[in-house]
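Chemist: With the hints as extra help, turn the sequences into a complete structure.
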Amino acid sequence: MKRSLAVAFAVAALFPAVLAAPAGAELLSLKVGGQVGGSHTGGDIDATSFIGGGLARLELLSILTGELAVNYKKDDIEVDGEKVGDIETIPIQLSALITFLPWVYGTIGVGWYDVKASDDITDQVEELGDVSDAAVHLGFGAEFPVSDRWSVMGDVRYVFLNYDLGDVDTDVFDDSASFTTFTGGVLVKLF
Numbered sequence: 025m026k027r028s029l030a031v032a033f034a035v036a037a038l039f040p041a042v043l044a045a046p047a048g049a050e051l052l053s054l055k056v057g058g059q060v061g062g063s064h065t066g067g068d069i070d071a072t073s074f075i076g077g078g079l080a081r082l083e084l085l086s087i088l089t090g091e092l093a094v095n096y097k098k099d100d101i102e103v104d105g106e107k108v109g110d111i112e113t114i115p116i117q118l119s120a121l122i123t124f125l126p127w128v129y130g131t132i133g134v135g136w137y138d139v140k141a142s143d144d145i146t147d148q149v150e151e152l153g154d155v156s157d158a159a160v161h162l163g164f165g166a167e168f169p170v171s172d173r174w175s176v177m178g179d180v181r182y183v184f185l186n187y188d189l190g191d192v193d194t195d196v197f198d199d200s201a202s203f204t205t206f207t208g209g210v211l212v213k214l215f
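Following this note's numbering, the numbering of the sequence shown begins with 25 at its first residue and continues without gaps.
Any given hint could be a false lead.
Simulated crosslink set (DMTMM-like; lysine to aspartate or glutamate; CA at most 25 Å straight-line) [claimed, not checked]:
| no. | residue 1 | residue 2 |
| --- | --- | --- |
| 1 | K140 | D157 |
| 2 | K98 | E112 |
| 3 | K107 | E50 |
| 4 | K140 | D70 |
| 5 | K213 | D157 |
| 6 | K107 | D70 |
| 7 | K107 | D138 |
| 8 | K140 | E112 |
| 9 | K140 | D172 |
| 10 | K98 | D138 |
| 11 | K98 | D157 |
Restraint-style ranges between C-beta atoms, simulated for each label pair [what the hints assert, rightly or not]:
| no. | residue 1 | residue 2 | range |
| --- | --- | --- | --- |
| 12 | S171 | K107 | 42 to 48 Å |
| 13 | E106 | V60 | 27 to 33 Å |
| 14 | W127 | L51 | 16 to 22 Å |
| 15 | V60 | R173 | 18 to 24 Å |
| 16 | P169 | W136 | 28 to 34 Å |
| 17 | G130 | L54 | 16 to 22 Å |
None of these hints come from the bench; they were simulated from the model. Yeah, the Cβ is synthetic: ideal placement off N, Cα and C, and Gly gets one too.
Modeler: Structure (structure tokens):
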């Protein structure tokens with residue numbers, strides 16, 4: 025009985041989306057591609073770096089899209105103008121993209137951030153050797169079709185990430201590792 029109510033509720037929730045879908049919108053499509061851009065980590069880290077990776081988008085009625093993205097970024101850490109090491113991060117993000125205008129979308133999601141610090145930093149902050157943590161992200165972007173199969177996209181996201189360092193008291197940096205990404209990429213529609 026509970027399962028039947030859940031299915032009925034899900035169908036009822038999707039009904040307005042079906043009515044609001046643009047004429048000629050496909051029910052389901054899958055796009056894959058790559059993205060590159062820049063990332064700025066705030067707080068005491070205060071580093072700007074390259075970010076790049078791949079993504080897959082499963083689109084429902086051109087209104088709601090689920091996205092899986094895997095990227096790589098590396099922040100150089102400086103203290104008093106001297107490089108003391110670097111922090112590599114592999115963001116694995118699962119997002120919901122909601123299209124408000126024909127090409128513009130808002131995004132919200134969660135991610136898993138695998139963090140590895142160089143030996144120079146882990147000598148100073150032992151707990152930072154291998155840190156993996158979950159975080160929420162928000163953003164917006166646009167995707168423009170170039171042809172029936174190809175499109176280009178641009179995206180801005182803010183990730184609310186904090187390192188879990190326990191009771192570490194250090195002048196190197198605090199536990200805030202929140203960062204903003206600015207990416208652009210190309211997508212190809214598989215179906």
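Chemist: For every hint, state whether the structure bears it out.
Modeler: We went through each hint and held it up to the structure:
no. : hint                      : in the structure
1   : K140 <-> D157             : holds (12 Å)
2   : K98 <-> E112              : holds (4 Å)
3   : K107 <-> E50              : violated (51 Å)
4   : K140 <-> D70              : holds (17 Å)
5   : K213 <-> D157             : violated (32 Å)
6   : K107 <-> D70              : holds (12 Å)
7   : K107 <-> D138             : holds (22 Å)
8   : K140 <-> E112             : holds (5 Å)
9   : K140 <-> D172             : violated (41 Å)
10  : K98 <-> D138              : holds (12 Å)
11  : K98 <-> D157              : holds (16 Å)
12  : S171 <-> K107: 42 to 48 Å : holds (44 Å)
13  : E106 <-> V60: 27 to 33 Å  : holds (29 Å)
14  : W127 <-> L51: 16 to 22 Å  : holds (19 Å)
15  : V60 <-> R173: 18 to 24 Å  : holds (21 Å)
16  : P169 <-> W136: 28 to 34 Å : holds (31 Å)
17  : G130 <-> L54: 16 to 22 Å  : holds (21 Å)
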